[in-house]
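Q: Sequence:
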Amino acid sequence: MRTLLALSLSLWTLAACNGAPPVITPPATPQATPQTSADPAFARAAASAPTVFEGTVVAVGPAPPVWSGRVMAYQAVTYRVTRIVADPDQRLSVDAQVTVQHLLVAGSETADTEPRLRPALAHPGATVIVLASWSGDQWTGVDEHHGIVVADAAHRAALPAK
Numbered sequence: 001m002r003t004l005l006a007l008s009l010s011l012w013t014l015a016a017c018n019g020a021p022p023v024i025t026p027p028a029t030p031q032a033t034p035q036t037s038a039d040p041a042f043a044r045a046a047a048s049a050p051t052v053f054e055g056t057v058v059a060v061g062p063a064p065p066v067w068s069g070r071v072m073a074y075q076a077v078t079y080r081v082t083r084i085v086a087d088p089d090q091r092l093s094v095d096a097q098v099t100v101q102h103l104l105v106a107g108s109e110t111a112d113t114e115p116r117l118r119p120a121l122a123h124p125g126a127t128v129i130v131l132a133s134w135s136g137d138q139w140t141g142v143d144e145h146h147g148i149v150v151a152d153a154a155h156r157a158a159l160p161a162k
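Position 147 of the sequence shown, counted from 1, bears residue number 147 in my numbering, the numbering being contiguous throughout.
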């Protein structure tokens, strides 16, 4: 009985296709939509950061042997400032070089799989946006997830007008 049913369905399918074997088309793959806006968390972090600037990475300091935990672990990055978005204390100037200590937290968006900043993000020549604060005698990144981001159109559009 099953064979007869299968044969009937096969003949019906063949007849429905006018004698041609059925064509199976794969399902349409959804098209990736281009990212038109930055992560809202970046916009919030940038709005609350005391100092925001765009710059080019000049040098990346050595990575510490461990992640932050019982003690804070930082990696220094030196930038050439190309644009100042916010600098209430007027410590920055365009074309100046500044070194920012970035906190390394495992699993953060700026972190690599080992204790260091992501090399795709922090490498000489990279154009980035930096969120920082001046504390004591040094610049410190203010957000381990968004303290340094690629300076693309979406992130630039998310910057506050300070």
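A portion of the hints provided could be inaccurate.
[Unchecked claim] Restraint-style ranges between C-beta atoms, simulated for each label pair:
| # | residue 1 | residue 2 | range |
| --- | --- | --- | --- |
| 1 | Val94 | Val66 | 32 to 42 Å |
| 2 | Ala157 | Arg70 | 32 to 42 Å |
| 3 | Glu114 | Val150 | 15 to 25 Å |
| 4 | Pro160 | Ser135 | 15 to 25 Å |
| 5 | Ser93 | Val66 | 11 to 21 Å |
| 6 | Ala161 | Gly69 | 22 to 32 Å |
| 7 | Ser48 | Ala154 | 30 to 40 Å |
| 8 | Ala96 | Ser135 | 16 to 26 Å |
It should be emphasised that the hints constitute simulated quantities derived from the structure, not laboratory data. C-beta atoms are modelled at their ideal positions from N, C-alpha and C, and glycine is treated no differently.
Q: State the violated hints by number, sorted upward, taking the hints as numbered earlier in the document.
A: Failing hints, ascending: 5, 6 and 7.
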